[in-house]
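Chemist: Okay, here's what each chain looks like letter by letter:
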Amino acid sequence: MAYSDKVLDHVENPRNVGAFDKNDPSVATGMVGAPACGDVMKLQLKISDDGIIEDAKFKTYGCGSAIASSSLVTEWVKGKTINEAAEIKNTDITAELELPPVKIHCSILAEDAIKAAITDYKSKRNK
Amino acid sequence: MKYFELFSLPINFNIDLALLNQAYLRLQKTVHPDKFAHKSSKEQLLAVQKSAEINDALHVLKHPLKRAEYILAERGVDIRAEQQTLQDPMFLMQQMELREELEDISSASDPEDEIEAFEKKIQMLEKDFHQQLTALIDQTELVQLERAADVVRKLKFIYKLRDELERVEDSLLDD
Chain A
1 MAYSDKVLDH VENPRNVGAF DKNDPSVATG MVGAPACGDV MKLQLKISDD GIIEDAKFKT
61 YGCGSAIASS SLVTEWVKGK TINEAAEIKN TDITAELELP PVKIHCSILA EDAIKAAITD
121 YKSKRNK
Chain B
1001 MKYFELFSLP INFNIDLALL NQAYLRLQKT VHPDKFAHKS SKEQLLAVQK SAEINDALHV
1061 LKHPLKRAEY ILAERGVDIR AEQQTLQDPM FLMQQMELRE ELEDISSASD PEDEIEAFEK
1121 KIQMLEKDFH QQLTALIDQT ELVQLERAAD VVRKLKFIYK LRDELERVED SLLDD
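Order-wise, the sequence lines are chains A and B. In terms of the working numbering, the first sequence opens at residue 1 and continues consecutively. In terms of the working numbering, the second sequence opens at residue 1001 and continues consecutively.
In case anyone wonders, no lab produced these hints; they're calculated from the structure. Fair warning: there could be bad hints in the mix.
Below are the DSS-like pairs computed for lysine-lysine, each with C-alpha atoms no more than 30 Å apart in a straight line [as the list claims (entries may be wrong)]:
(1) B:K1127 <-> B:K1066
(2) A:K78 <-> A:K46
(3) B:K1002 <-> A:K89
(4) B:K1127 <-> A:K59
(5) B:K1039 <-> A:K22
(6) B:K1002 <-> B:K1127
(7) A:K59 <-> B:K1156
(8) A:K57 <-> B:K1121
Restraint-style ranges between C-beta atoms, simulated for each label pair [as the list claims (entries may be wrong)]:
(9) B:L1142 <-> A:D5: 41 to 49 Å
(10) B:K1042 <-> A:E87: 52 to 60 Å
(11) B:K1121 <-> A:T91: 55 to 63 Å
(12) B:Q1094 <-> A:E75: 24 to 32 Å
(13) B:T1134 <-> A:L8: 37 to 45 Å
(14) B:D1034 <-> A:D9: 55 to 63 Å
(15) A:A2 <-> B:L1025: 38 to 46 Å
(16) B:L1017 <-> A:V17: 37 to 45 Å
(17) B:L1142 <-> A:S4: 51 to 59 Å
(18) A:S4 <-> B:E1116: 34 to 42 Å
(19) B:D1170 <-> A:D9: 27 to 35 Å
Glycine is no exception: its CB is placed at the ideal position from the N, C-alpha and C atoms.
Construct the entire structure; sequences and hints are all you get.
Modeler: The following block contains the structure:
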């Protein structure tokens, strides 16, 4: 299947690959997986005290579309508040990367990774 | 359940693959085109359709994941086309670590030993999930079936690991 130029760009030059120290209190981690294809995605957000996402890193084991989706959201969430980041929809990702219908689950994975990270942030803060 | 009935097999996740194969061959013989060469075109068409159905049934029943999904769907929990994500941090963390480990195998000094050790790990996980599935899937309560569905979802990651391991093995052989 042919990938769009945007997907290829992210696959060849993925942004923000890596990890933060998960014990750092300002770091939130979102882990999600797609049973349909066995892809696994880890998204980490570094969040300031006033709820601004200062930095983001990801590690994804999956197809090009899954890598591109996670790479893209690390760019998108930076500078956003957690509430703004929670608004990112998988349809925004599919549109930006021109993903075909069979790859929609990759964008859902990225959307859910943001949500999982925010949930982790909130539970860390409530401790 | 149609597919099990077709092969006269008991409805059970743990299937006797030898029996399944025997039943398959026996059934395919009954609809073989040679037997219908002198029959009407309508009968020929029916035989072809039956043969396709038998093939579909074999395809589903012989693969543990497809078989489990089929049984669950027949019992009212259809997860075959779902796109939802799995969010079980402990399980996913372990999957992430296994993927990292697998990634390092190619560059290891003794990749063959590493592959063997990794294969054993996958087998252990698979065995464990199969046991859980066996205990849950033949229940009639929805709660149990939902839990069985969750085990199937996790098993898909284990099968994916196995595919990836095979890819690593192949790439090492090519070098």
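Chemist: Hints first: check each against the structure and report whether it holds.
Modeler: The hints, checked one at a time:
Distance restraint check for K1127 of chain B and K1066 of chain B: the Cα-Cα separation of roughly 17 Å lies within the 30 Å cut-off, and the hinted pair is therefore satisfied. At most 30 Å may separate the alpha-carbon atoms for a hinted pair to count; K78 of chain A and K46 of chain A meet this at roughly 9 Å. Under the criterion of a C-alpha separation no larger than 30 Å, the hint pairing K1002 of chain B with K89 of chain A is inconsistent with the structure, at around 40 Å. A hinted pair counts as satisfied when its Cα atoms are at most 30 Å apart, and K1127 of chain B with K59 of chain A qualifies at roughly 28 Å.
At most 30 Å may separate the alpha-carbon atoms for a hinted pair to count; K1039 of chain B and K22 of chain A exceed this at roughly 71 Å. Only pairs whose Cα atoms come within 30 Å are accepted, and K1002 of chain B paired with K1127 of chain B is accepted, the gap being roughly 27 Å. For the hint linking K59 of chain A to K1156 of chain B, the alpha-carbon distance of about 20 Å falls within 30 Å, and the restraint holds. For the suggested pair K57 of chain A and K1121 of chain B, the alpha carbons sit about 29 Å apart, so the restraint of at most 30 Å is met.
Taking the beta carbon of each, L1142 of chain B and D5 of chain A are about 46 Å apart, inside 41 to 49 Å as hinted. In this structure, K1042 of chain B and E87 of chain A meet the distance hint of 52 to 60 Å, their C-beta atoms being roughly 59 Å apart. The hint said 55 to 63 Å for the Cβ distance between K1121 of chain B and T91 of chain A, and at roughly 38 Å that hint is violated. A beta carbon spacing of about 29 Å between Q1094 of chain B and E75 of chain A agrees with the range 24 to 32 Å that was offered as a hint.
Roughly 44 Å separates the CB atoms of T1134 of chain B and L8 of chain A, a value that falls within the hinted 37 to 45 Å. The given range of 55 to 63 Å is respected by D1034 of chain B and D9 of chain A, whose C-beta atoms sit roughly 56 Å from each other. Checking the proposed 38 to 46 Å range against A2 of chain A and L1025 of chain B shows it holds: the Cβ atoms sit about 41 Å from each other. The hinted range of 37 to 45 Å is satisfied by L1017 of chain B and V17 of chain A, whose Cβ atoms lie roughly 43 Å apart.
Range check, L1142 of chain B to S4 of chain A: about 41 Å between beta-carbon atoms, so the 51 to 59 Å window is missed. S4 of chain A and E1116 of chain B have their C-beta atoms about 40 Å apart, which keeps the hinted 34 to 42 Å range intact. The hinted window of 27 to 35 Å between D1170 of chain B and D9 of chain A holds, with their beta carbons roughly 28 Å apart.
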